[in-house]
Amino acid sequence: MHNIKLTLEYDGSRYQGWQRLGKGESTNTVANKLLDVIHKMTAEDVELFCGARTEVGVHAYGQVVNFKTTSDMKPYEILHYLNRYLPMDIAVLSAEEMPERFHAALGVKSITYLYRIAIGTVPSVFDRKYTYYAFKEPDLAVMQQAALSLAGNHDFNNFSTVKKSKSTEKELYDIKIYGDTQEIQITLRAKDFLHNMPRMIIGTLLDIGLGKRKKECIEAIFTGEDTASAPCDPKGLFLQEVEY
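Note that the UniProt record's numbering gives residue 193 to position 193 of the sequence shown, counting from 1, and the numbers run on in steps of one.
Each hint should be verified, as a subset may be incorrect.
Calculated lysine-lysine pairs in the DSSO-like style (CA-CA distance at most 27 Å, straight line) [stated by the list, open to error]:
1. K235 to K176
2. K33 to K214
3. K170 to K214
Simulated from the structure, these hints should not be mistaken for lab results.
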């Protein structure tokens, strides 16, 4: 049995996320497209594990997955086969054989998300699928000040749509906001995230930057005295890296 690790990038625009199970289950997911081609390649129904489950419309620069197979194909053969038959909006960047105990969903040290906000005078036709266009330039300094209250250990229940049945205590290792006259980028790094947590954090920071909310609302959201903003548009969000 061979344990194969893949690093992927994908355009999530036309997919229902990495995987969609239960209510609203869909086969139009990145995982299903990959599983279909792996089945064609190996004639096996493998189980696929991922480093982070991206949501509907979210992209990835560095998703990590693994599966086990009895196929004796070399990693470079797997790489070429998958890239030949996968849709053009999913690409395998690397393939390697790992020790049997490697599991993409376990042993994750950190997950990093990147959000891109376009702020030029004219929205780019070519970037429209991969950036959120802000018609008014957000106040970068105020967003950076607000972000200071988000870093560290907190109960992020009010920044997510997760059911309270699971732990909502998370540590946000880093939150960085930087940019120029054309684009603002926000990066969030944590061991893991709650459902919709990156998008609700970014949506709230955007509202603060656009003057729709005060930066002090962050503390009020944590205590439940206020509610987070609606999740940001997923098209500007990328899974940047999964670190082991």
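Quick rundown of the hints versus the structure:
Our distance criterion of 27 Å between C-alpha atoms is met by K235 and K176, whose separation comes to about 19 Å. A C-alpha spacing of about 43 Å is found between K33 and K214, which places the hinted pair above 27 Å, so the restraint is violated. Our distance criterion of 27 Å between C-alpha atoms is met by K170 and K214, whose separation comes to about 24 Å.
Figure legend: structure checked against the earlier numbered hints; the only hint not met is number 2.
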